[in-house]
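Colleague: Residue strings, one per chain:
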Amino acid sequence: MSRLIVGPFNRVEGDLEVRLDISAGAVADARVVSPLYRGFEAMLVGKPALDALVYAPRICGICSVSQSVAAARALAATGSVPLPANGGLAVNLIHAVENVADHLTHFYLFFMPDFARAVYAGEPWHAGAAARFAAVRGGAAQDFLPARAELMNLLGVLAGKWPHTLAVQPGGSTRAISRAELARLGALLAAFRRFLERTLFADGLEAVAALSTRDALLAWAERRAMAGDFARFVILSQATGLNRLGRTDLRHMSYGAYPSAEGPLFPRGVFRRGVGSVLPVDRITEDVSHAWYRTAPDDAPRSPRDLGAPPDAARDDAYSWCKAPRLDGEVAEVGALSRQLVAGHPLPRDLVARDGATVEARVVARVLEVALVAMAMERWVRAIDPAAPFIDHTPLPTAGEGAGLTEAARGSLGHWVDLEGGRITNYQIIAPTTWNFSPRDAAGTPGPLEQALRGAPVREGEAEPVAVQHIVRSFDPCMVCTVH
Amino acid sequence: MTGADLDEWERPLAYTAHLVHHGCARNEFYEFKASAEQPGDLGCMMENLGCKGTQARADCNIRPWNGGGSCLDGNYACINCTAPGFEEPGHAFAVTPKVAGIPIGLPTDMPKAWFVALASLSKAATPKRLRDNAARPAPVLLPHDKRKDSA
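Going down the list, the protein sequences come from chains A and B.
Take 1 as the starting number for the first sequence in this note's numbering and just add one per residue.
Take 1 as the starting number for the second sequence in this note's numbering and just add one per residue.
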C-alpha cells in the first residue's frame, strides 16, 4: 500500500486535493479534500434581503447565473412573487447560455486536453488528439473560443453582462427585450447552432438528440469518420475504456431545470437502477462528521433550513471544508448525467444500464444536453412577447423563509434563506460539487467521487494518474462553489 | 505598463480615467432627473435605485462587455464594483440613500449646492417624453419629427 496526494488540479475551478491509497496498481481508497474555506453564508447574515442578489453570485465566476437564479427563487419563495411568462423565458435563456457555455468549456478546455497527455504518446490516436485538443495549442480551442464569445453576446442583450448580472430578480428580469432585439437573439442562436452542427456534432441537433442507445452512438460516431469533436470523443472513449472508468452506483438527483407554465424542461426527481422516484426535498441534510465544522452537541446532520454548523479548523478527525450532503441519509450524485437520467432520455439510461454511471456516461450526457438545451433556447426566444411584462414588482415580505432550487451545469444547486425585519437571518447553500465531492459521513460512507475513484488504475511511476484525472474531471467540479 | 499608467489604487488608468456615467445610454434621463422607480424602468437610476455610475471609475459604457452590454444597459444599477470597499456600501445596494430627499452620493466633483440647484431646475424643465417614459420598462412617447405631421 502506498499513499499518493494529487493536487492542486489544473483546469479545475478552485482548490482541490485528492489523497489516494494505492495497492496493486489501483486506487484502494480515496479522500477528496476541499482545502479552502470562504464563508459566504456567514457574510450574508444581517444583510438586506435583496443584497443576496449581489453577494451570492460572487461565490463563483463560472456558475454565477445559477447562483443568481437560486437566490432570486429563494427570495421569491419567502412571499408570493409572481413570475410573468416573459420573465421566466428571459431567465431561462440567461441561465441556459451559462449552462451550455459551461458544458462546452468543460468539454473543450477542461476534459479533452487530457487525451493529449504524454502518457498516451504511444497510442495510435495520440497525435491526432493532441493536434485537436492539446491545451492552448490545439485547434479545437481556436474554433470553440470565438463561438463561445459569440454565444455570450446573448447575455450582453439579456443580462447586461456575465458573470454577476443583476438582471435576474425574484419577479423576473429587469431587461425587457424589444422586437428588434428578439431578431438579434434569433440570429445569435442560429450562429450557435451552426457551430454545434459543423464543429461539435457534424450533424443536426435533432439527429443527436434522437440517439437512443450506446450501440447507436458508436455507429453514429464511426459514420462521422472523425468529423466532429463529439464523435472524436466517442471514439477516444472507446479506445481508452472510459465506459469502465469512474463507475458509481448511486442515487441520481435533479432539482429540475428551466421551469415554465407547462412544467420544467428537465423534471425534478430521483433515479436509481432503472427506477425513478419523487425527490423528498425536506429529507436533505448536511453531515459534518468528517469536515472542519462543529455541530453541538453530537454532530447530528442538519437541515439547510437550520443555522449552518460553525467552522472548527482544529478538528483532527476531519479532512475537508466540504460538508457531506445526504438525501434521506444516502449519498446522491448530481450533474448532467443525473438530470438526463431523471428526465428519462434513452441514451444516458442505456449507457448507465450497461456500464453504470461512468466517465463516458457523464461526458456523453453533458454534450447531449447541449443539443437539447440549444433547441429549447430557440423555442424560448420565439415564445417571448415583447409587448408583455418581463418583471413583477410585488415586494418581498419582511419575514419568511424560502428555498431556491435549480440546476447549474454541474448539478443541483440549492439556496435556503430566512428573513426577519427585511434582513437575512440565515442563508444556507448546497452546491453541486458539495454533493459530488463530499467527504465521508458519520456512517463512514464515502462521497460520489471517493466511490468513483476506487479501483482506478495507477500506472507504474505515475505522479498524476491519468485515470484519476479523467474521473475527477468527469464530474465537472467547481470547487469555489463547493465550500462557498 | 508603468506607474504612470496606474491610478492612486494602482488600477489601470485605461479603465479608471473614465466614469461609468460616460457613455451611459440613459444620459438624457440623467440630465433632466427623470428617474426610474422600479427595477427595469428606463429612467436614470441614480435618484432611487442606488446607481453609482456618476461616481464609479470604470469604462463600462465606453468599452461594452464582450462587445455589447453593461449593467446600465441591463437595466440595473452600477454598484461601483471597481472601487475598494464597494462590498460594504452601508445601505441596500438597490436603494439610493438620501438625506432630506437628496442623494448622499453626488456626482464626482459636483458641489452639493450646485447639484441641488441644477437638479431642481432640470426637473422643472423635463420634457414630457422623458417624464412619461422614465418610470416604464418600454417607451410610451418616442422622438417625433413634426414636419411630417401635416402630411
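Hints in this document: simulated from the structure, not taken from any laboratory.
Since the model is a prediction, treat every value here as computed from it, not as a measurement.
Using N, Cα and C, we set each Cβ at its ideal position, and we do this for glycine too.
Hints are not guaranteed to be accurate.
[As the list claims (entries may be wrong)] Some chain B residues judged to face chain A by a derived CB distance under 7 Å, without partners named:
(1) Asn66
(2) Ser70
(3) Tyr76
(4) Pro89
(5) Gly90
(6) Phe93
(7) Ala94
(8) Thr96
(9) Ala100
(10) Pro103
(11) Asp132
(12) Ala135
(13) Ala138
[Unchecked claim] Each pair of labels, with its calculated beta carbon distance range:
(14) A:Ser212 - B:Met1: 53 to 59 Å
(15) A:Leu36 - B:Ala14: 30 to 36 Å
(16) A:Ala127 - B:Glu10: 17 to 23 Å
Colleague: The structure should be examined with respect to each hint, and the outcome stated for every one.
Modeller: For each hint, the structure was consulted:
1. Asn66: Since the shortest Cβ distance to chain A is 5 Å, the answer is holds.
2. Ser70: holds (6 Å)
3. Tyr76: At about 4 Å, which falls below the 7 Å cut-off, the nearest Cβ of chain A leaves the hint on B:Tyr76 intact, so it holds.
4. Pro89: violated (9 Å)
5. Gly90: Violated, because the Cβ-Cβ distance from B:Gly90 to chain A comes to roughly 11 Å (cut-off 7 Å).
6. Phe93: holds (5 Å)
7. Ala94: Nearest chain A Cβ about 6 Å off; hint holds.
8. Thr96: violated (13 Å)
9. Ala100: violated (22 Å)
10. Pro103: Interface hint status for B:Pro103: violated (18 Å vs cutoff 7 Å).
11. Asp132: B:Asp132 check fails; min Cβ-Cβ to chain A is 16 Å, beyond 7 Å.
12. Ala135: Cβ of B:Ala135 sits 11 Å from chain A, so the hint is violated.
13. Ala138: Hint holds; B:Ala138 Cβ to chain A Cβ min 6 Å, cut 7 Å.
14. A:Ser212 - B:Met1: 53 to 59 Å: holds (56 Å)
15. A:Leu36 - B:Ala14: 30 to 36 Å: This hint holds: roughly 32 Å between Cβ atoms.
16. A:Ala127 - B:Glu10: 17 to 23 Å: violated (46 Å)
Checked against the numbered hints above, the structure violates hints 4, 5, 8, 9, 10, 11, 12, 16; every other hint is satisfied.
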